[in-house]
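These protein sequence lines map, in sequence, to chains A, B, C and D.
Going by the numbering used here, the first residue of the first sequence is number 1, and it counts up by one from there.
Going by the numbering used here, the first residue of the second sequence is number 1, and it counts up by one from there.
Going by the numbering used here, the first residue of the third sequence is number 1, and it counts up by one from there.
Going by the numbering used here, the first residue of the fourth sequence is number 1, and it counts up by one from there.
These aren't lab readings, by the way, just hints derived from the structure by calculation.
C-beta: ideal position from N, C-alpha, C; glycine also.
Errors might be hidden in some of the hints.
Distance condition first, Cα-Cα at most 27 Å in a straight line; then the derived DSS-like pairs of lysine-lysine [stated by the list, open to error]:
1. A:Lys-354 to D:Lys-358
2. A:Lys-7 to B:Lys-125
3. A:Lys-169 to B:Lys-360
4. B:Lys-7 to C:Lys-358
5. C:Lys-7 to B:Lys-7
6. D:Lys-115 to B:Lys-358
7. B:Lys-115 to A:Lys-5
8. B:Lys-125 to B:Lys-113
9. D:Lys-7 to C:Lys-7
10. A:Lys-106 to A:Lys-125
11. C:Lys-354 to B:Lys-7
12. A:Lys-360 to D:Lys-115
13. B:Lys-358 to D:Lys-169
14. D:Lys-247 to C:Lys-7
15. B:Lys-169 to C:Lys-5
16. B:Lys-115 to B:Lys-63
17. C:Lys-63 to C:Lys-106
18. D:Lys-169 to D:Lys-115
19. A:Lys-106 to A:Lys-141
20. D:Lys-148 to C:Lys-5
21. D:Lys-358 to D:Lys-247
22. A:Lys-113 to A:Lys-139
So the derived label-pair ranges between C-beta atoms look like this [to be verified]:
23. B:Glu-10 to A:Gly-250: 44 to 50 Å
24. B:Gln-181 to C:Val-67: 54 to 60 Å
25. C:Gln-31 to B:Phe-6: 28 to 34 Å
26. C:Asp-86 to B:Glu-10: 36 to 42 Å
27. B:Phe-6 to D:Lys-354: 25 to 31 Å
28. D:Ala-37 to A:Ser-44: 48 to 54 Å
Number of protein chains: 4
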Amino acid sequence: MPRPKFKEMERTYGFDEVALVPGDTTVNPDQTDISFALGDFTFSIPILASAMDAVVNPSSAIKFSQVGGLAVLNLEGIQTRYENPDEILEQIAQTPETEVTSLLQKIYSQPIKDKLIGERIEAIKQAGSICAASITPTKTKRLAPIAKDAGMDVLVVQSTVTTARHISKSYRGLILPELCQMISLPIIVGNCCSYSAALELMQTGIDAILVGVGPGAACTTREVIGVGVPQITATIESAAARETYFKENGKYVSVITDGGIRIGGDLCKTFAAGADAVMLGSPLAQATEAPGRGYHWGMSHSHPALPRGTRVRVDIIAPMEQILFGPTSVTDGTQNLVGALRTSMGVCGARTIKEMHKVKMIIAPTIKTEGKYFQAIQHVP
Amino acid sequence: MPRPKFKEMERTYGFDEVALVPGDTTVNPDQTDISFALGDFTFSIPILASAMDAVVNPSSAIKFSQVGGLAVLNLEGIQTRYENPDEILEQIAQTPETEVTSLLQKIYSQPIKDKLIGERIEAIKQAGSICAASITPTKTKRLAPIAKDAGMDVLVVQSTVTTARHISKSYRGLILPELCQMISLPIIVGNCCSYSAALELMQTGIDAILVGVGPGAACTTREVIGVGVPQITATIESAAARETYFKENGKYVSVITDGGIRIGGDLCKTFAAGADAVMLGSPLAQATEAPGRGYHWGMSHSHPALPRGTRVRVDIIAPMEQILFGPTSVTDGTQNLVGALRTSMGVCGARTIKEMHKVKMIIAPTIKTEGKYFQAIQHVP
Amino acid sequence: MPRPKFKEMERTYGFDEVALVPGDTTVNPDQTDISFALGDFTFSIPILASAMDAVVNPSSAIKFSQVGGLAVLNLEGIQTRYENPDEILEQIAQTPETEVTSLLQKIYSQPIKDKLIGERIEAIKQAGSICAASITPTKTKRLAPIAKDAGMDVLVVQSTVTTARHISKSYRGLILPELCQMISLPIIVGNCCSYSAALELMQTGIDAILVGVGPGAACTTREVIGVGVPQITATIESAAARETYFKENGKYVSVITDGGIRIGGDLCKTFAAGADAVMLGSPLAQATEAPGRGYHWGMSHSHPALPRGTRVRVDIIAPMEQILFGPTSVTDGTQNLVGALRTSMGVCGARTIKEMHKVKMIIAPTIKTEGKYFQAIQHVP
Amino acid sequence: MPRPKFKEMERTYGFDEVALVPGDTTVNPDQTDISFALGDFTFSIPILASAMDAVVNPSSAIKFSQVGGLAVLNLEGIQTRYENPDEILEQIAQTPETEVTSLLQKIYSQPIKDKLIGERIEAIKQAGSICAASITPTKTKRLAPIAKDAGMDVLVVQSTVTTARHISKSYRGLILPELCQMISLPIIVGNCCSYSAALELMQTGIDAILVGVGPGAACTTREVIGVGVPQITATIESAAARETYFKENGKYVSVITDGGIRIGGDLCKTFAAGADAVMLGSPLAQATEAPGRGYHWGMSHSHPALPRGTRVRVDIIAPMEQILFGPTSVTDGTQNLVGALRTSMGVCGARTIKEMHKVKMIIAPTIKTEGKYFQAIQHVP
């Protein structure tokens, strides 16, 4: 019996399955250029802080801006629903795991207060910081003008999956080309994770895309609805869309990989896969300055009927600056992320992020098994 | 020394090895159509409840029919061997693991009582529910007419593996085309798991096939006899047979994937692989209404000489309706299965199950390793 | 820089990575033929008992012959070095793990007594059993005639790796064609694990080969010297050699897969890979009749300078007959191995072992993960 | 939408993913030749001891030379920074894991004393041993002449990644062809891990390369900066560069695989992948004679800002001679490494290391799962 062609599936890859190959030339790490440009802004480090309530509040945003990155404030989170967000954040940190999802569902069902949007943004601007803020597509038309009036510099339109086209009989979706015209600020849209979806988003006129569906530490999207693309493949596809779009239109739309990056090794691989910048959640939730008090949770965790997420305990490990720039005495890749990136570029022979995009990457899922033979010592009396 | 062609093997895939890719368009989940048609019946949800004694008895069948699905009553189980099945089910729940297989072997060696077949079916029909019932191939000729007389609406002919042809010197096997003529009801036959076997079954004139050999939580067929095909591949092959048969004969024989689905993510992937409906065991054994009292076991578990199965403790987690439709505060994918399917279809841009069949699926075995760095908190004192 | 062709490696497969596909036809298990022919002998079950001291002594060999299989007595083990082997076996069972390798090295350094070779073989023959005995290649010329005089029916020439050619300056290796002429008994030689090595062995005139290097439960050859081929691939290659040799010479040299088979599923897959018979160690060491007293160790475990093996605790689980033929109430595949084979053949539509060779096999490494969601219950108070 | 070609990645392999296939011929292990030539030196075993402070000090170097290998002294470690190194080594062994990285950073920030370089090398030479010493590229021009004057026989230029070209605006890097002319000793350079980088290094006129980035037991390079190539692939690529270079220039530049080898099986596979010699760290840190006192740490572990490494407890298991030559009663592959290599070569039919390069290697990631069914016994009372 002849067999027809069955449904085809391609193999995809995540951080733990790949590795970078040293270059034939090496470069002095001090002489690498890792700056990231978005619209007329240039950031000295190619890192964004996630629009998550455990990561960004006005004060951590100011600090993050001072060290050279771009923090994104969630305009639909605790900061804009509560006059006194710290009280709520403290409550989340004090609640047992078994009850925390219900609590989050309740907390996030409170209304957003327009007044607080203005206040939070102004707090960031008054410190002289660049202010980015995120809104979901359905609320963008209403909230974006308020935020712009308050001084927002960069608009982030973000939901689990955002596409250039949305089908609904009950409402007219957000039309991105219209938004670009109306708002006239740098716009970042996401998340997406395939070549075609990335390309369609770029064609709407935006300035950068967020890449990543399902990979974050605080996310269970793949368990609940089966959807998710490993970040290395998602970034490779999105970077290819950027090149296609640039070749056809001459505009360079940045690719920002968002979610799943935990350690320096992941970060370095992301740039080799084609990212122009990365957005970090869990690693920054570990900073002394993080509002999450040692916990971290995702945006879909508070969905009233189908929550998708886990509150993870990340622990406070060091000040934000040390996590980003070291020096450090920990060797597991959680600190000195910028130093790790520069060292990796040096070893791989890349002077710029664009040269890093061309570094050779291999499929190398081998887990080191030394533990089988040698035990990392725990305690010496 | 030239080498001949060795035996060839194809790579196959299970739930945990694949993921879905978001669409280039998204759809409002409320506007997805997930109905399932079988003969002249249309069910509002594409879910069947397994013909297992821990999942379906008359009262749970009635409830399941009321919420829009189709429950299948096992006509060779405890319900038709015992006047008072609850006594037996209680006994199973009270027996230690080390003794339960012997007990099941003894329980299922009691004779089937024709009278009880009638009574159980009538109980379901009197509640106004659609009644499906399952019989093994060797008993079908004798029991199917009794069940039909009692009001059975849908006949399920089911064994571990059922084929269109069976070789035996000692008896004449069940001839499916003859059965279809005789019984004149919608007939579902299974289980099968390959393109060729599925196609041969379709050619006998039946209305739907059950897909799945070896994947269920309560099944050890692969350990004991080495046989089993992972469900994603089995569903892809069976769906291809459906398309071949439809193209050649114009009849759409439904593909019902049976076994191994535990969480929303599995369910969503199954439809993307080509299923028209799914049959659930363990997830429904967790319902308050389930006869299994927090336990679940398989049909082959009571084989007198070669039992293949494990009694698993599934625990009672929520009422059936909440498992199916939410709302929920658990985030591991075990609740709100229908909501998960609609959300997944929305994100993947599928308005109907047939559009869901075309959603892009990838091979993505990466296990999220956040646990390595961040611990999900267990207790907060 | 153009790159040359690098060293190539083929992917190989073990038991846990493959599964069998049900047939398009099914067969009544009672009507399957699983007999195994070797020389003029026909055995009712295609199973040999390993030439290991924990598995075969004269009394277990007699029992194994009575139920239809062929036990192989190790002529260089405890039975031929000690007048009272039970004393030694008891000592091994009583020694802590940390000291057992030294003990085995000491025990196996005692000389082989020619007189005991005769006595052990005669004990088996006097019970009316067929007697097979194993000798290593370097000792074959000296010991084989003694064993033949005592009544040995089948000669097994066995070492970790045996090839048709051996290079040494210090002695003349065993010449297999000369041995075949001299001994005029059915000869089984092993172990080998590739197409070319199997074919060369067949060309020496022997009757069967043992397949398997490195896979057994009591073997650490792969850890110590890096050598080993997974059993499914080794069997597929050896079976291809059998077909090549049969086509060219008209003689059917049997393929006996030896080592690594633990459960019914493994056994069934082995035959689908092309085996004519299997040799079992650990599964039979679990029999009440086994001399090992609940322990099992390998032939290389006692090497004086480079021991390769682990003594494993297998526990006594059931009488030999129950392990082979059931009935059973355990569902993990460790009992009723013959019933499992017949059932598997039935489901796969194979009437004979030769038809089983053609059954479709797939690569299906998925581990069932139900444990993540449902716990197999351990104790019910 | 047509899709462009995405970034490509090749599959690579580590020790645990491959295995060796027995030969069609076997060889008597006693008659294998495993000698290793470097410049005018010939070593009876193809093993170098790592330039790590836990492995090599003058006394262990002398011992290692006596048994036929080549130990490499780290000229930038504890031996050349401290008059009394044993005091420092004792301090490291006594410090808890949580504090040891800070301690190492402090210890390795002390200045190197030129006088001690001379003293350590002379101690080795006075015992009649061949002396190899390692220097990092940036310090080579200054320290190599001092070491040569003191009697150094072999120069090792080593850093995590060393390439033929280095880009820096602030200093002129080491020019290897100039070094070769100046120093006129056998020169080993590393580490590298790809075909192109290895070939470029060979073209500078050196005598051997060290292969391996990221694989060692005490190394976390891959976690921290994402860089690393599994050793089997790295060795295969480097060996191909050696063949290319030899064909074009007639000079045989040796390939020395460095890092990640823990047991006999790893060692044997390394030679089959193409290595001429191996450099061992952890396995020799387990010797009674090792300066590390049961601990082991890497060269990058003491980096002041971005430490990459873990101190591992290796435990003292046996004298160096027993680890290398046995006899042994342990069966996990950690002892009698030379015996394992000879046995492996015998089983694979290789008389020399060059024949071992041609042995068939397979991809065989299967982990033996006997533990699932049979427990290795821990204690017998």
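Results for each hint:
| no. | hint | verdict |
| --- | --- | --- |
| 1 | A:Lys-354 to D:Lys-358 | violated, 41 Å |
| 2 | A:Lys-7 to B:Lys-125 | violated, 40 Å |
| 3 | A:Lys-169 to B:Lys-360 | holds, 24 Å |
| 4 | B:Lys-7 to C:Lys-358 | holds, 9 Å |
| 5 | C:Lys-7 to B:Lys-7 | holds, 24 Å |
| 6 | D:Lys-115 to B:Lys-358 | violated, 74 Å |
| 7 | B:Lys-115 to A:Lys-5 | violated, 49 Å |
| 8 | B:Lys-125 to B:Lys-113 | holds, 19 Å |
| 9 | D:Lys-7 to C:Lys-7 | holds, 24 Å |
| 10 | A:Lys-106 to A:Lys-125 | violated, 30 Å |
| 11 | C:Lys-354 to B:Lys-7 | holds, 14 Å |
| 12 | A:Lys-360 to D:Lys-115 | violated, 43 Å |
| 13 | B:Lys-358 to D:Lys-169 | violated, 55 Å |
| 14 | D:Lys-247 to C:Lys-7 | holds, 17 Å |
| 15 | B:Lys-169 to C:Lys-5 | violated, 57 Å |
| 16 | B:Lys-115 to B:Lys-63 | holds, 23 Å |
| 17 | C:Lys-63 to C:Lys-106 | violated, 30 Å |
| 18 | D:Lys-169 to D:Lys-115 | violated, 32 Å |
| 19 | A:Lys-106 to A:Lys-141 | holds, 25 Å |
| 20 | D:Lys-148 to C:Lys-5 | violated, 40 Å |
| 21 | D:Lys-358 to D:Lys-247 | holds, 17 Å |
| 22 | A:Lys-113 to A:Lys-139 | holds, 13 Å |
| 23 | B:Glu-10 to A:Gly-250: 44 to 50 Å | holds, 46 Å |
| 24 | B:Gln-181 to C:Val-67: 54 to 60 Å | violated, 47 Å |
| 25 | C:Gln-31 to B:Phe-6: 28 to 34 Å | holds, 30 Å |
| 26 | C:Asp-86 to B:Glu-10: 36 to 42 Å | violated, 51 Å |
| 27 | B:Phe-6 to D:Lys-354: 25 to 31 Å | holds, 30 Å |
| 28 | D:Ala-37 to A:Ser-44: 48 to 54 Å | holds, 52 Å |
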